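> Everything in the sequence shown is counted per my numbering, starting at 1 for the first residue and increasing by one.
I should point out that these hints are in silico values taken from the structure, not numbers from a laboratory. Please read these numbers as outputs of a predicted model, since none were measured by experiment. Virtual Cβ for every residue (Gly too), placed ideally from N, Cα, C. Take the hints with a grain of salt, since some may be wrong.
Pairwise CB distance ranges (calculated) [what the hints assert, rightly or not]:
| no. | residue 1 | residue 2 | range |
| --- | --- | --- | --- |
| 1 | V79 | E141 | 39 to 49 Å |
| 2 | R37 | E123 | 16 to 26 Å |
| 3 | P138 | L105 | 44 to 54 Å |
| 4 | A131 | R11 | 22 to 32 Å |
| 5 | G77 | G47 | 46 to 56 Å |
| 6 | V79 | A131 | 47 to 57 Å |
| 7 | L99 | P129 | 48 to 58 Å |
| 8 | G137 | R37 | 36 to 46 Å |
| 9 | G159 | G54 | 33 to 43 Å |
| 10 | F70 | N4 | 23 to 33 Å |
| 11 | I5 | T64 | 40 to 50 Å |
| 12 | A158 | E123 | 16 to 26 Å |
| 13 | R36 | K169 | 19 to 29 Å |
| 14 | E168 | F78 | 39 to 49 Å |
No more than 16 Å apart at the CA atoms, straight line, and that leaves these computed lysine to aspartate or glutamate pairs for EDC-like [unchecked claim]:
| no. | residue 1 | residue 2 |
| --- | --- | --- |
| 15 | K142 | E123 |
| 16 | K169 | E141 |
| 17 | K169 | E123 |
| 18 | K169 | D145 |
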Amino acid sequence: LLFNIGNACFRMNQFGQAVFHYRRALRQAPRDTDIRRNLAMAMRQAGAHAKRPGRFARFAEYLTLREWRFAGGAVAGFVFLSTMILFAAHARARALAVLICGCLLLAAGGTVILGHHAGLSQEAVLTAPEAVRLAPGPAAEKLFDLPEGTIVRIIESAGAWSQIASGEKRGWLPTSNLLM
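Based on the provided sequences and hints, a complete structural model is requested.
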């Protein structure tokens, strides 16, 4: 559905909205080459430049969040059972085994929570070309321009304005021109 909405937006020359919907579709189907190709095409049409993700980001985006949670749970369960079997024969080592397993389960749980929050990071897509300003408000000094379809990170919001980061650059944009 999100892929089809992205296609409809693209056909109507709403490239920022197309980028937004393709990115959401990609979160649900991260290995879909059609979505990746259309996202790249929409960003090119909008004049937005995507920074190539690093190796770790590409690896992290290979699975959906649900698949990562399952994998983390499976690994934690395997480690827990292996540790319990290994140390079950030695009475003294049982306390150590329980401590190790507890730490591993906490670490796995923390990884799932961090992964969840990373998936909900405050990224937004610019729906129209916009001047980024030094401070909130239309009278503030213009710093630079961003094209429609640019992916930005939201730092904070103040009323109808949001402070954003685009690469190393920071500034303020009207929140109404951002899709989150």
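> Look at each hint and say if it fits the structure.
Against the structure, the hints:
In this structure the hint that V79 and E141 lie 39 to 49 Å apart at CB is violated, the actual value being about 55 Å. In this structure the supplied range 16 to 26 Å holds for R37 paired with E123, their Cβ-Cβ distance being about 21 Å. The given range of 44 to 54 Å is respected by P138 and L105, whose C-beta atoms sit roughly 52 Å from each other. For the pair A131 and R11, the supplied restraint of 22 to 32 Å holds, since their beta-carbon distance comes to about 28 Å.
Separation of G77 from G47 is about 48 Å and conforms to the stated range, judged on CB atoms against 46 to 56 Å. Checked against the given bound of 47 to 57 Å, the beta carbons of V79 and A131, roughly 52 Å apart, stay inside it. With their beta carbons about 57 Å apart, L99 and P129 fall inside the hinted range of 48 to 58 Å. Checked against the given bound of 36 to 46 Å, the beta carbons of G137 and R37, roughly 39 Å apart, stay inside it.
Checking the proposed 33 to 43 Å range against G159 and G54 shows it holds: the Cβ atoms sit about 35 Å from each other. Hint check: F70 to N4, Cβ distance near 27 Å, so the stated range 23 to 33 Å holds. Against the hinted window of 40 to 50 Å, the Cβ-Cβ separation of I5 and T64 comes to about 19 Å, which falls outside the hint. In this structure the hint that A158 and E123 lie 16 to 26 Å apart at CB holds, the actual value being about 19 Å.
The supplied range of 19 to 29 Å is met by R36 and K169, whose beta-carbon atoms lie about 26 Å from each other. Hint check: E168 to F78, Cβ distance near 41 Å, so the stated range 39 to 49 Å holds. Of the supplied pair hints, the one linking K142 and E123 is violated, its CA atoms being roughly 22 Å apart against a limit of 16 Å. Of the pairs offered as hints, the one joining K169 and E141 holds, with about 15 Å between alpha carbons and a cut-off of 16 Å not exceeded.
For the given pair, K169 sits about 15 Å from E123 by alpha-carbon distance, which is consistent with the 16 Å threshold. For the hint pairing K169 with D145, the CA-to-CA distance comes to about 11 Å; that is within 16 Å, so the pair holds.
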